[in-house]
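Trainee: Please construct the entire structure, taking both the sequences and the accompanying hints into account.
Those sequence lines, one after another, are chains A and B. Here numbering that gives the first Met the number 0 is used: position 70 in the first sequence is 69, and no number is missing along the way. Here numbering that gives the first Met the number 0 is used: position 20 in the second sequence is 19, and no number is missing along the way.
In short, the hints are calculated from the structure, not lab data. Think of the CB as a built atom: it goes at the ideal place given N, C-alpha and C, for glycine as much as any other residue. Heads up, some of the hints might be wrong.
Stated by the list, open to error - Pairs of lysine-lysine, BS3-like flavour, derived with a Cα cap of 27 Å: (1) 219/B / 5/A; (2) 219/B / 149/A; (3) 219/B / 147/A.
To be verified - Label pairs and their calculated CB-CB ranges: (4) 58/A / 134/B: 48 to 56 Å; (5) 218/B / 196/A: 56 to 64 Å; (6) 170/B / 94/A: 24 to 32 Å; (7) 166/B / 73/A: 44 to 52 Å; (8) 93/A / 134/B: 26 to 34 Å; (9) 212/B / 217/A: 42 to 50 Å.
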Amino acid sequence: MENINKLIKGISVFLLYILVPYVLNMFLPSITESTVIELLYRFIFMFLLLLLFVLIYKDDIIRDIKAFKEKPSRVIKTSIIYFLCLIGGIMVISSLIYLVYPDFSYTNSGLIDSLFEENFFIMIIYVFFLTLFTEQIVFRKVFRDIIKNKYFFIIFSGLIYGIFQIGYVVSDVNDLLTVIPFAYAGMILSSSMEKTDNIITPCLVYMFYDLFLLSGILMGI
Amino acid sequence: MKKNLNLLITFLLIIISIGVLVSKVSSSIEENKDVKTKVLSKTNDNFTKTETENEVIYEIIDDDLTYSWTFDKNDDLKNALKDNMEIDMDLKLDIVPNIQDDYLSSMVSNDDLLVIKFSHHGEIPTKAKITLDVNDKYKNGERLYLYYLNEEEEQIEYIDKGLEVKNGKVEFTIEHCSNYFLTGSIVQEAVNNPKNINLIIIVMVVVIIVLIASTLFQNKK
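Mentor: So this is what it looks like as C-alpha cells:
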C-alpha cells in the first residue's frame with residue numbers, strides 16, 4: 000500500500016510539473032505584452048506549485064533537513080565532489096560534441112541568455128530558487144521513491160531530465176546532442192542523492208553549478 | 000495522504016478554471032490588438048553583386064535595412080540568368096517589426112513577430128539563402144522559427160526552426176517569394192510544426208509506465 004501511495008504522489012507531481020507550465024504558456028503571452036510581468040506571473044504560479052510539492056513531501060523533506068543538521072559535513076563534502084564531477088564532465092562532453100559537430104549550440108541557450116539580460120534579478124530568483132527545488136523534487140525525489148534499483152534510477156531520471164531541458168522539441172541533430180550534457184548533469188544529481196539519501200545534496204550540487212554559471216555571466220564569459 | 004490529494008485536486012481545478020477564463024479573455028484582447036509598425040522605405044536601393052566560385056551574392060542596403068540573397072551556382076541559376084532573372088525578378092523585401100494587420104494577428108498569438116514581405120511574389124529559379132539584419136528585434140544567440148503566411152489557404156505553414164541570430168543577422172533558405180515571418184517561439188496555430196507535443200506525450204507516457212512497472216515489481220517482490 001505504501002508503494003501505491005508513493006506512485007500516486009509521484010505521478011501527480013510529475014503530471015503537474017508538465018501541465019502547469021504548459022497551461023501558463025498557453026495563456027500568459029496573451030494577457031500581457033510585458034516580458035517582466037509575464038515572468039512575474041510565471042514566478043507566482045511556479046512558486047505555488049513548488050509549495051504544493053513541498054507540502055506533498057513535507058515529512059521526507061523535514062527528515063532530510065534534520066539529517067543534514069546532524070551531519071552537515073557529509074552532505075556538503077559529497078556535494079562538492081559531485082559538483083566537480085559535473086563541471087568536469089560537462090566540459091569534456093561539450094568539447095567532444097564540438098569536435099564531432101562544430102555547429103553545436105545549446106538549444107535554449109539564446110533564449111535563457113536574453114531573459115537574463117532583460118530581467119536579471121527575477122531570473123536569478125527563478126533559477127536559484129524555484130527551478131532548483133522544483134527539479135530536485137520532480138526528477139530526484141519522485142523517481143527515487145518509486146524506482147528502487149539505484150542504477151536504473153540514475154540512468155532513467157537523468158535521461159528524462161535531459162529531454163525536459165531542451166523544451167520537448169527534438170527536430171534536428173543539435174537538439175539531440177543537447178540532451179547528452181543535460182542527461183549527464185541529471186545523472187550526476189541523481190547519483191549525489193543516491194549517495195547520501197538526502198534531497199539537500201542534489202540541491203547543493205545544483206546551487207554550486209548555478210553559482211559557477213552566474214560568475215561566468217557576471218564576468219561576461 | 001488524503002489531505003495532500005484533496006489539495007492537489009483543488010489546485011488542478013483552480014489552474015484549469017484560470018486557463019479557460021484567460022483563454023476567453025485573451026481571444027477578445029487579440030481581436031483588439033493595435034500594434035504600431037514601422038515599414039521601411041524601399042527607395043534609394045543600393046545593390047552589390049559578388050560572385051564567388053560557388054555562389055552569387057546580391058547585397059542590398061535599403062536605408063536602415065541590410066540584407067542579401069545568396070544563390071548557389073547551379074544549372075537552375077545559369078538558366079535563370081540566361082532568362083535575365085536579374086531584370087525580371089525584384090529582390091527587394093520589407094520587414095515589419097510587429098503584427099501589422101488584423102488578418103495575421105487573428106491567426107497568430109505570438110507577439111515577437113518580424114514579418115518579411117518580398118516585393119516579388121511566386122516561384123524563384125533556384126533556392127535562395129536570405130541573410131537579414133535583425134539586430135533591432137532579436138539578440139545574438141536567439142534561435143528563431145520561420146513561418147510562411149499562406150494567404151490563399153489562409154494558414155500559417157512551418158518552414159524552419161533553430162535559425163540562430165549571429166552578429167545580429169539571421170539566415171534562412173526559401174524556394175519561393177511571398178510573406179514570411181520570424182518568431183522566437185513556436186506558433187501553435189501553424190501547420191507542419193515540429194512534433195513537439197507528441198514528444199511530451201511520449202515522454203509522459205513512458206515515465207508513467209516505468210513508474211507503475213517499478214511499483215508493481217516492488218509489490219511482487
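Trainee: For the pair supplied as a hint, residue 219/B and residue 5/A, is the alpha-carbon distance within the 27 Å limit?
Mentor: holds, 16 Å
Trainee: Need the status of pair residue 219/B, residue 149/A: alpha-carbon distance at most 27 Å?
Mentor: holds, 18 Å
Trainee: That 26 to 34 Å hint for residue 93/A and residue 134/B (C-beta), does it hold up?
Mentor: holds, 28 Å
Trainee: Honestly, do residue 218/B and residue 196/A meet the 56 to 64 Å range at C-beta?
Mentor: The hint (56 to 64 Å, Cβ to Cβ) is violated, given that residue 218/B and residue 196/A are roughly 22 Å apart.
Trainee: Between residue 166/B and residue 73/A, is the Cβ distance one that fits in 44 to 52 Å?
Mentor: Between residue 166/B and residue 73/A, where Cβ atoms are some 49 Å apart, the hint holds.
Trainee: Regarding residue 170/B and residue 94/A, is the given constraint of 24 to 32 Å on their beta-carbon distance met?
Mentor: At roughly 26 Å between Cβ atoms, residue 94/A and residue 170/B fall inside 24 to 32 Å, so the hint holds.
Trainee: Go ahead and decide if the range 42 to 50 Å is satisfied by the Cβ distance of residue 212/B to residue 217/A.
Mentor: Given a distance of about 45 Å, which is inside 42 to 50 Å, the answer is holds.
Trainee: Using the beta carbons of residue 58/A and residue 134/B, state whether their distance is inside 48 to 56 Å or not.
Mentor: holds, 54 Å
Trainee: Check the hint pairing residue 219/B with residue 147/A against an upper bound of 27 Å on the C-alpha distance.
Mentor: Holds: residue 219/B and residue 147/A sit about 13 Å apart, inside 27 Å.
Figure legend: structure checked against the earlier numbered hints; the only hint not met is number 5.
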